Amino acid sequence: MRRSLFHVTPSGASGFVFAGVCFLILPSFLGSYWLSVFTSAACFALAAFGVAFMYARLGMVSLAQVGLMGVGGWIHLRLNYLFEWPFEVNLVIAALATMVFGWLLALPALRMRGLYLALVTLMAAGGLEILFATYQFPNGGEGFWGVKTGSFSPFRGPVIAQSAESYLRYVVAVCFLGFLIVEAHRRLAPGRAWAMIRRSEAAAMAVGVNVTLYKTWAFGIAGLLAGIAGGLLAGSLGLLDDGTFRSSESVLLFALAVVGGARFWLGAVITAVLYRILPALLNTWGVDPDIAYMIFGAGLLHAVITAPDGIGGQLYGLAALMRTKFGTRGVK
Amino acid sequence: MRDMRWINIGLYVVLMVALVLWLGAGKPFKITGMFITSGLAVGSLYALGGIGIIVLYRATGVLNFSGGAAGAAGAMTAWQISEWGWAQPVAWIACLLVSLVTTLIYGRWIASKLAWRETVVKAVATLGFALILLGLVSFIWIDDPRSISLPTDKVGISMLGLRVTGTRLLVVVASVLLVFGIHQFLVRTRIGLQMRALADDRSLSALLGIPILKVETIAWGISGLIAGFTGLMFADLIRLEPVVITFMVIPAIAAAITGKLENLGVVLIGGLSMGVIESMLTLSPTLKGARPIAPFVIAAVVLLWYQRGARLTFNTKD
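As given, the protein sequences belong to chains S and W, one line each in that order.
The first sequence begins at 1 in our numbering and counts up one residue at a time.
The second sequence begins at 1 in our numbering and counts up one residue at a time.
Be aware that one or more of the hints could be misleading.
[As the list claims (entries may be wrong)] A few chain S residues facing chain W, derived, Cβ under 7 Å:
hint, residue
1, Ala-118
2, Gly-286
3, Val-287
4, Asp-290
These are calculated hints, taken from the structure and not from any lab test.
Nothing here was measured: the structure is a model prediction, and the numbers come from that model.
C-beta: ideal position from N, C-alpha, C; glycine also.
This is chain S alone, in the form it adopts within the complex (with noise of 0.2 Å):
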């Protein structure tokens, strides 16, 4: 039991490498743009994962994570200028309350077919793009709302990570967390539930497992991760924009999720790439940022029509072939 719970897969191997990498080397490396593009870009990998490991688990499809990401980043920034508790407990709070606000939306659709509860995300998400954009995040204003025009006050990052390059690697250790709960979760109970599930409710059902609590209970860890990201974003900055939590974008990350491949840990860090970084580089490269819109679009029929694993999943075969072809030598 507590052996498969640790049990280190070549892939699970890869990922410490690359959360290692991504820790250690890469932020000494980045300039101030490219660091706050990495941080954004680590952000957006962790609620990738919350949407995608939902899908891959159990099918279910979530229209509404970038929202999500929003109100968490705007209970973050709420309880920033209201109290003086520390960036860690209301990065807590705020990724907590993002889990039962997921599950107030989620929960009445969590009993009807996938479809439905895609459709009923969609709307949340669309009401929340409409809500940011009316009320703004809060930048040290008076009221409930916390909202003034012109300067905003200053935010409290967290004591340990400061600087933007430590903060990146800050961001970049919680997300390797947030991963880690996920994998833990799919090789406990949860996993097992969620696997019978997703062959079938009813076989699920019959043997007893209950199916609308594991439902509950991954779209919860989903808004959690989603209410981590966001509450990480608005560190990364100090303040949040609306344009960033439209209905359109949190389509586009579930899109890009399945393009890099949603059951893989991989997969969640090729969205993020290309929905942060690749605009990115085309930016600089001063090539047409539509073109970006033209790619995902591309990719995502690619990857839906030809390669369900997108391309996580394709890298994952070829290095199965790699293995296959020219032999292993070691331990496994």
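Place chain W on chain S using the hints.
For chain W alone, coordinates are given in the frame of chain S:
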């Protein structure tokens, strides 16, 4: 069961009327009337979008996110053609044609590759197509304030002391006629019968020898034409901006939800009421800023209402 449906619709209409009366209470008729007519026009656009979505969804099982993008491509083409100084009708026909052709390309060559996948996957795939179209359209026509105006903007009629422009009247009448026309088409023609058969059970229809590809292509065509018309009207009445027209598909889906993705008449009622409530919210000092939220809240409430008392059950395919 049938009675229940009428009670539901009746309840909905009564609720909406009550809401409108409450929002308009104490305001002069001239003002409320103005907001109601403008709301009806916007609502017709939602309804038109929703009708296009449902016609296609019922016949092919594809929830199409790319209708807005096809409409945007059509509307931008129409703008370009009138910029070149060609006759207006050419621009309108070009708009419909562009939307029709792009939708058919997807329906005929891409959607058929996905026929065996889950509904959600099919819906997501159309999103990919929407992104390609949106990228292409925004690439060709860079961001710039544009507008399009139809000759119907200048004509107008007076009703109960209110002036209603021709375009607004046109969309409302068009959405009502379209619901009626499609209903007749489904009930009276052979293709309509085949579409209903497909909506009912695809594999059985195939066994019976219904030419699925042909029927589906026709459904894609109809939805493409509706998308083109909606795009043109949206460009005239609200804004000519590819991103905005593309994502108009989201409130259109909200309208489609009110009809449970199957009933066109209810979609019309749902869409119109969403538009009117959204417009009437301008009169409320507290909710004014968040008024575009109306379609989503209404759709969410309707969904909740539909599934009250529902338990987790299994369809035969599980």
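Here is how each hint holds up against the structure:
no.: 1; hint: Ala-118; result: 6 Å, holds
no.: 2; hint: Gly-286; result: 14 Å, violated
no.: 3; hint: Val-287; result: 10 Å, violated
no.: 4; hint: Asp-290; result: 4 Å, holds
In this structure, the hints that do not hold are numbers 2 and 3, in rising order.
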